[in-house]
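Just so you know, the sequences run in chain order U, W, C and R. So the first sequence is numbered by our numbering: it starts at 1 and just counts up by one. So the second sequence is numbered by our numbering: it starts at 1 and just counts up by one. So the third sequence is numbered by our numbering: it starts at 1 and just counts up by one. So the fourth sequence is numbered by our numbering: it starts at 1 and just counts up by one.
Please note that the accuracy of each hint is not assured.
As the list claims (entries may be wrong) - Okay, derived cross-link-like pairs now, DSS-like style, lysine-lysine, Cα gap no bigger than 25 Å in a straight line:
(1) R:K222 / U:K16
(2) C:K179 / W:K322
(3) R:K456 / R:K444
(4) C:K155 / C:K222
(5) R:K195 / U:K16
(6) U:K16 / R:K444
(7) U:K151 / U:K177
(8) W:K204 / W:K177
(9) R:K444 / R:K402
(10) W:K413 / C:K324
(11) C:K456 / W:K177
(12) C:K456 / W:K16
(13) R:K222 / R:K195
(14) W:K322 / C:K155
Claimed, not checked - Listing some non-contacts, in silico: residues in chain R with all C-beta distances to chain C over 10 Å:
(15) H32
(16) G44
(17) E54
(18) E111
(19) S114
(20) D219
(21) P386
(22) E431
(23) A455
(24) E460
(25) N464
(26) A486
(27) E497
Said to hold, decoys possible - Cβ-to-Cβ under 10 Å is the rule here; a few derived chain C residues that face chain R:
(28) S2
(29) T4
(30) D47
(31) I62
(32) K75
(33) P78
(34) K375
(35) K376
(36) A378
(37) D382
Because the hints were derived from the structure by calculation, they are not lab data. For every residue, glycine included, the Cβ atom is placed at its ideal position computed from N, Cα and C.
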Amino acid sequence: MSYVQNTDSDRREMLKETGVSSFEELLEPIDSRLRVDGVLDIGPAMSEAEVASRLGALASANNAASEMISFLGGGIYDRFIPATVRYVLSRSEFYTSYTPYQAEVSQGTLQAIFEYQTMIARLTAMDAANASMYDASTALAEAMLMASVIKRTRRVVIPASLSRRVRAVLDSYAAGKDIVIDEVPFVEDGTIDAGALAEMLSEKTAAVILAQPNYFGMIEDTRKVSGLVHEAGALLIVLADPVSLALIEPPGEYDADIVVGEGQSLGIAQSFGGPLLGFLAAKTPYLRKCPGRLISATEDIDGKRGYTMTLQTREQHIRREKATSNICTNEGLVALAASVYLATLGEDGFREVALQSASKAKTLYGMLEEAGVSLPFGRNFFQEFVITVPGGADAFIARARERGVLAGIPLGKDFPSLGDDAVLVAVTEKRTRKDLELLCDLAAGKGGAV
Amino acid sequence: MSYVQNTDSDRREMLKETGVSSFEELLEPIDSRLRVDGVLDIGPAMSEAEVASRLGALASANNAASEMISFLGGGIYDRFIPATVRYVLSRSEFYTSYTPYQAEVSQGTLQAIFEYQTMIARLTAMDAANASMYDASTALAEAMLMASVIKRTRRVVIPASLSRRVRAVLDSYAAGKDIVIDEVPFVEDGTIDAGALAEMLSEKTAAVILAQPNYFGMIEDTRKVSGLVHEAGALLIVLADPVSLALIEPPGEYDADIVVGEGQSLGIAQSFGGPLLGFLAAKTPYLRKCPGRLISATEDIDGKRGYTMTLQTREQHIRREKATSNICTNEGLVALAASVYLATLGEDGFREVALQSASKAKTLYGMLEEAGVSLPFGRNFFQEFVITVPGGADAFIARARERGVLAGIPLGKDFPSLGDDAVLVAVTEKRTRKDLELLCDLAAGKGGAV
Amino acid sequence: MSRTIFEKGANGRSGNFLPANDCPVDDLGFAHRREGEIGLPRIGEQDLIRHYVELASKNYHIDKGMYPLGSCTMKYNPVINEEVASLGGFAGLHPLQSEDDVQGALELMYELESDLCEICGMSAFSLQPVAGAHGELAGMMIARDWFRRRGEERKTVLVPDSAHGTNPASVVICGFTPKTIPSNEAGLIDPEVLKQEAGDDTAVLMLTLPNTLGLFEKDIEKIIRIVHDALLEQAEKGIVDYPDYLFDVGALVYMDGANMNALMGIVKPGSIGIDIMHLNLHKTFSTPHGGGGPGAGPVGVLEHLAGLLPVPRVVKKDGRFSLKETSGESIGRVHPWFGNFNVFVKAYAYIKALGGEGLLEVSENAIINANYLMKKVARDYDIKYPGRCMHEFVASGRNLKKFGVKTVDVAKRLLDYGLHAPTVYFPLIVEEALMIEPVETEKKEALDHFADVMAKIAKEAEENPEILHEAPVTTPVRRLDEVAAARCPELSWSGGECLPMEE
Amino acid sequence: MSRTIFEKGANGRSGNFLPANDCPVDDLGFAHRREGEIGLPRIGEQDLIRHYVELASKNYHIDKGMYPLGSCTMKYNPVINEEVASLGGFAGLHPLQSEDDVQGALELMYELESDLCEICGMSAFSLQPVAGAHGELAGMMIARDWFRRRGEERKTVLVPDSAHGTNPASVVICGFTPKTIPSNEAGLIDPEVLKQEAGDDTAVLMLTLPNTLGLFEKDIEKIIRIVHDALLEQAEKGIVDYPDYLFDVGALVYMDGANMNALMGIVKPGSIGIDIMHLNLHKTFSTPHGGGGPGAGPVGVLEHLAGLLPVPRVVKKDGRFSLKETSGESIGRVHPWFGNFNVFVKAYAYIKALGGEGLLEVSENAIINANYLMKKVARDYDIKYPGRCMHEFVASGRNLKKFGVKTVDVAKRLLDYGLHAPTVYFPLIVEEALMIEPVETEKKEALDHFADVMAKIAKEAEENPEILHEAPVTTPVRRLDEVAAARCPELSWSGGECLPMEE
Ligand SMILES: Cc1ncc(COP(=O)(O)O)c(C=O)c1O
Ligand SMILES: Cc1ncc(COP(=O)(O)O)c(C=O)c1O
């Protein structure tokens, strides 16, 4: 298959008009010793039919979580996605366009992103949000760098319960800037040890990172932490789950300085973990230091409302080495998907998603409690919680898989203190009571009739 | 799920402005005895998630021919469809628009149909084609009525080999107009008996219908038939397979008067037999009598090229009972699909489709011959042919189905003279040599390793 | 103007879509080969996509704005329906697969038929007709064969003068002779007139309900009774033999159900005595119209006519679905397979999404919207039949004639305002007709906007009629020369050549 | 102007998307509940779709026309790629499913990595970075850790002045200090200058090849040698300890491979000594840019650096694929999972469709198109670096300055002609720069059209510069007040309130 449209005769004519007698002449600056010898060894061209069948075969060689009974979470969730999202994203006006450098012919993208920013600002109750980041972990890493610049210090405190994958990303970003990351431990109910935190804070602390709910699904006492952090003069960075924000107090209300989060829950397919959608919102005074693109409303020379990129002097294409971040291409189309998702469900539908997720999680918790399954951290969670299954997480997960159930994430390797029996179970609105019963039976060691 | 957008308060306000105090008042012309009592018994509203899952379950309760090794034809073929077709059809500018009554804001549809007409005219080598008919059988029925009007007689000759389903449609259209349909028998090679035809023709004959290739896949001697028909003063109506026209002499070249055919092969999914695409092309003098819509190029008042519906005085919305046909809604979007298909493959790609189909069919024929399978009609076919399998068609088909092969169409019921062992086998470009070998083994009664 | 695809792809290169042929092409072994090229384009995929995207941009469509085409019921087409209809388990089915392989498809058809029966109060539906007019024709065939089977050759079908053009055309194609029933001043069938017109030769009364003026025939019971009685006398005299349960059925009443959008959950045609009807799934049940199809025009009948429906029929036995290919009385086939299956999937999804209460809500809002909009439009335009309407109404531009403005000018000016025009010059019984169907999915705000623009145009007609004569000016092309096109139509691209038509 | 979705959905009704909850909601058992509304719209589906379709109509996009944004490689995005990427077997995968359930996905990633290795001559690729800049950062981290593991804390990264803005920014984020290398009059790196700038503290030379002027560094061998030699002396003295196979590797050479569209099948960077590079799948490999992402910026390295790539790595053993989570030397993670998997599917499909010869054909046509267009544009615009270019070239509008016309005016005027503008004012080393990349999927005809319009604009500049100052006039909005926006940006919809910025 070729997508080149020039014919041989076009090429001949063009070479002639260019003033060369062969294509080779155009390669004159490339020493012949540097040239590739022969054809690239990646196989012959495939026809469209062959591409479709090859990719079809690869897709079929997978068993998708979305088609099973999935309790996998840990940052990526199996949620219902309305058809409108797929429809809007299928419009090539959106998916084939570039970054809106020519605002006059990019008002579609610009307004959509402006609306996305608005939705994120409202969800988080923050002053403003940017146009998107790669994912939550890199957004968090950038927030950490941002805090370090604002506070001109190099210490950051994170919860020991933070996802190890997120921590790894923080580490690789911190290394270059010599930022030291300290961990504050968690107490029996899985939330952070406020006492320990108080002791760790100092004028050297640039920021404290708080995940709400945390990786174990537990709801932190954000007001208390916020008080401690601000007393110490540090910034509070919150890593928030967006769906939880329909039911849980938004970070702006407990005075968070920077809020980041993962938008995959907002209508984005799981897609083996990417693309994702990092969001980042901040208080106004910090906007000049924030990474990424910002879209602003403004007027054209006729006084007509329009949208444009703004505060670009923060960005690499203007400021180069003085930029607040190196981010350029972000997750524009994914941000659009999130807006379409939120707009489609709307105020009530989105709340219903959160409500169903939380109430189903709570119902499962109740069932497990009744069945005598051990639940180390208690009931103060949103939609995800830890269970411990005697016999080991791996065996339990394998047993469940045989019944078409993805039971959860084993935690022992990442959090040895929780032991090899600990499993993180996520419940979304897609699960039914029957699904919950099946998982409960499996966890309780019963056969569990489907 | 509701797609109504008025809120309760909108409705209240509207009723008030309309000057009524309740919706019931608007129903005043309807006697209360006529009113539905209670709610329609079709179940409660489903959410979008439930609709998706219900329809997903129904779809999964089928086993699609397109996913199997299908030799089913008989008018509907399993062909490769390029992605461009699905893409263009997914644009709501095309699929949600109405018949182009307001030409100025329908130039997209109008030009696309104009281009479709051009492609059909070129394929058939006829003067002009209309904007589409429901399917080949109704197009043929309308061509029959048209011929009867043109010739002012009520006799039509069709081949005895015509598809019985097409014949049934002709019958139901013929009945009202008291048109008598005679059948001309076929000879040993499956083509029509020219001698018999010559005898049947008279000045009462309005038209002779010729299928090319015929239902058994065989290629008729069209020039000979055309000569006989025109000598008798009747019209020649050809039912042509569009893919065959890439390789076989087009009807315009042997002086056909009206050409109809089934466009499903041109990029249309099998879809359990619908929607299909009837095409109809004719010689210029007959255009005023032809059914359906015609799009013409013209100029606007600024002299700019544009497109519009034309010769509308043939149509029901202008001429009512004097119209040439009752057709109104036709198969516009399907015609668009066919254009996109033909334009995507292009001159060379479309020829390749025909060539692969024919050469694979011929290869299968050779294999079967070698394996000693009986092939009653010989080699003069395009891509479809009859085989006879001892033990009966049904048993053979059932055996093949177990191997994931749809072996063909049993012919005995429709054509008793062919016997219960006869099967119509269609080969398209999608079949591979391996598929052919498998079918051959099955037909030869071998196990046939996959 | 967009160049044609033939110009854009005159000398280009197409992509490569098929795997290499694994069979020899040297001996195809058949005669009558085509010589020379077909004349298809050779165009690269990028230019092809651009071509169709460019064409798309020149279409008005539902996702762009209100589409108040009267009689056409241009409601929103939900995207989920398009998605489910394209599932491989539906799209990939060959109609001759074994019943075991198509149980889901048959179940869907079976359920859709029975839902349509419940919605319409009919005894049986066949999904086979692929458009409204096709459904009409099938319905007429049923009537024809019903009489023929009773040894009668009744020839007349009564059709109100407000009927859609397809109605008389279908009547004729089926071999009947249409006889026009004039509407009375209220825009309705006058029972007295009907009584006079209905006679021995009357086979069918073919009416539209609500009629194309958007009015419900308030005398519908009387009308049906008159038609049914037209044969009753003979039945009572024993001249023709009717089954007992048909004691009061004489000639048949056919209802064009394309306007069913107004009646769901409100009136069941079958329950009030309609013998035969068709539906337009591509109107009432939200399947998109595709710029001219595909549609689906299921035909429904009461019990006494059920045996005449087209074959095959989907039947259910012990939870399994199968196809019954023959029936002694059936009119046969109007389609080689089962109709436009892909359209059924969308209609089915729509009905399931809405449920019984949702369908009623549809009709309620269709009616509320139409009455509200009529009230607003009435400020600036004539309404020949004021009072209550159902889902649509007909306004008239005749009050603008004094400014030299015609309805077509109003229609074209609407295009300039980014709206689509109503159906114009139909029904024929209203001078300078503007047939307006707002549909239920438009909300008040959209109706207000439409009415405002209509008011603005009426004012323009008075103050500056030239603007209207010149309209449209903002569209991809302006008014087109239809006369030239009809005299010498250019029906295919050949560099501008046209085909002269004899008069 | 389109009203925002908040205005359109202020008081509406959304549809119903979820089944009824089958669990009780009374006891959610957690504290810190949100009070009050979020402020999301309530909008019906029809109005929602219309909103986004309206926005869509205000975007320029590839399916509309040529998009000659220099450095951005806006080539055609095949629709088949979108289709296969949306297959449920890809889209529905959770990254923590068992390896048995994701063999197809792992195989795809494995094969894509090895195809990229073959195309680039690198030893190993990681697909983890999700954009070009992210790939740069990962590459810098690799360099950083490579030196650190050898006990060195080299701080300087040499960056040519023509580099893309992300390059110096990535350098800084990684903790290095960028040092600018000026280009010579030919627009290239001068080996003599480089020799002077490279020193003990030099960790990396970060160059773009072809560079952002569209020029191939003709002294690339010498350049690489110089950089590699910068440490060689010490290696020879035994100060740092290099493995044998690295005998000639000193400081590292990083190649920004976003311009790889020019080199496929022509030059393999790894084979000529590039140590680290990234690719932009959303440029070279035809995955769409989405109006600003998602992208994918795989980072590739030569053998000596392979252990430093981000984890996990996909490995193959006995025909089975698995994920290796740790490596002693790895920089760790730059993404929590495997990168933008959905983008990989499209790039994979593209590479398979084209094959080895097809990729070469891409680069050939990219180069032919650029040289041809440069020749045509040169008639009316300055070309600072004439001669041969690779896949793009930089023109300059400085010859129009005498008419009071700036490059931005030319760019805006192009919009009026229905075309997209080139990249403007970049690279910084060309005054009034117009960076033009025609890409290989545009055909001669499109280039001719673009050149004609450019010529027309040059003429307009001379004859009627006002037209250019006023441009654009045919676009959904005209030139926007960016200064006001920067002073008091309105970053979210709140009825017009903005956030005053302190200076
Ligand atoms: C009232 C009425 N009857 C019949 C028809 C004919 O339906 P179709 O166009 O599907 O053949 C239509 C629509 O065009 C209609 O509005
Ligand atoms: C030469 C060059 N390098 C780097 C980048 C950055 O890539 P990305 O936008 O994917 O981060 C780009 C594109 O923007 C580019 O053109």
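*Any of the earlier hints contradicted here, and which numbers?*
Failing hints, ascending: 1, 5, 9, 11, 16, 17, 28, 29, 34, 35, 36, 37.
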